[in-house]
Amino acid sequence: MQFGISKHGNYTVLSLSGEIDLNQSPEARKQILQCLKRGEDLLVDLSAVDYIDSSGVASLVEGFQTARAQMLKFALVGVSASAMQVLQLSRLDSVFTLYETLDDVE
Amino acid sequence: MKKLERIHFIARADRLAPVRQFVRELARQQGCCEENLEHLVMAINEACMNVIQHAYRGDENGEVVIEFWKADDELTIKIIDFAEYADLESIKSRDLDDVRPGGLGVHLIHQVMDYVEYKHQPDMNGNVLELRKQLGVDRQCTAGDRGQE
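Top to bottom, those sequences are chains S and H.
Numbered per the working numbering, the first sequence spans residues 1 to 106.
Numbered per the working numbering, the second sequence spans residues 1 to 149.
Hints are computed from structural coordinates only; laboratory data are not their basis.
Using N, Cα and C, we set each Cβ at its ideal position, and we do this for glycine too.
Check before you lean on any hint, since a few could be wrong.
[Claimed, not checked] Example chain S residues on the side facing chain H (calculated, C-beta under 8 angstroms, incomplete): (1) 15; (2) 19; (3) 21; (4) 22; (5) 23; (6) 53; (7) 54; (8) 58; (9) 62; (10) 71; (11) 89; (12) 90; (13) 91; (14) 95.
With the sequences and hints as input, model every part of the structure.
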């Protein structure tokens with residue numbers, strides 16, 4: 001897994017790519033929580049994620065819950081087909097705020 | 001039922017990517033449609049994760065064996081560990097309305113496989129998860145749906 005951080009308006013954008021599995025999800029979790037710890041509204045871009053398992057999804061859920069507790073915005077952008085399938089099977093596609101592209105972010 | 005392959009690996013998270021790649025190649029060799037291929041990869045990855053995290057509890061000396069069997073269009077996968085007996089009654093899906101990190105693996109496995117059975121190894125320490133899935137070889141696949149040879 002690789003990651004990059006950029007800005008989009010008032011949001012920080014954490015772009016994850018590659019495979020987010022049990023071996024890589026601790027790094028994804030760390031990056032998500034670090035952004036939120038800085039008090040930043042966060043968009044997690046999953047458009048280049050080839051594979052995500054339940055441990056990766058758990059990192060996203062933890063980010064979602066941490067952001068909500070801190071009254072920060074948290075959304076997923078460009079969720080790849082592979083990642084969307086896992087979210088749908090976990091019934092989390094209706095829990096997260098989802099945007100197709102950064103241009104769709106309100 | 002014909003045995004296709006038997007692989008083994010040590011119970012470490014960094015071994016999961018090669019296992020997923022192996023499953024993809026095996027499923028493609030068997031003519032599996034792309035949708036079912038991804039379901040197989042998902043279920044086997046989640047099952048191996050559970051062995052690493054819960055059966056061996058992070059003990060990297062643990063061994064995991066995966067056997068692949070085939071009868072007609074059905075693939076049977078046996079994921080075998082040599083850890084202490086698991087409490088089979090405790091292995092179940094959780095309430096998805098309770099949104100919290102973790103605990104989704106068993107739910108995902110049941111969602112994408114046709115048959116799921118957890119059992120103890122009969123003559124030694126260890127557990128076996130048996131999964132079955134129709135490969136969909138005879139199904140009319142859409143263009144690009146069938147896995148690449």
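Now for the hints, and whether the structure bears them out:
1. 15: Violated, about 20 angstroms.
2. 19: This hint holds: residue 19 of chain S lies near chain H, its Cβ roughly 6 angstroms from the closest one there, short of 8 angstroms.
3. 21: Cβ of residue 21 of chain S sits 5 angstroms from chain H, so the hint holds.
4. 22: Since chain H brings a Cβ to about 4 angstroms from residue 22 of chain S, closer than 8 angstroms, the hint holds.
5. 23: holds, 4 angstroms
6. 53: holds, 5 angstroms
7. 54: With Cβ-Cβ at 4 angstroms, under 8 angstroms, it holds.
8. 58: holds, 4 angstroms
9. 62: Holds, because the Cβ-Cβ distance from residue 62 of chain S to chain H comes to roughly 4 angstroms (cut-off 8 angstroms).
10. 71: At about 18 angstroms, which exceeds the 8 angstroms cut-off, the nearest Cβ of chain H leaves the hint on residue 71 of chain S violated.
11. 89: holds, 5 angstroms
12. 90: The hint holds - residue 90 of chain S has a Cβ within 8 angstroms of chain H, the shortest such distance being about 5 angstroms.
13. 91: For residue 91 of chain S, the interface hint holds, since the closest Cβ of chain H sits about 5 angstroms away, which is under 8 angstroms.
14. 95: holds, 6 angstroms
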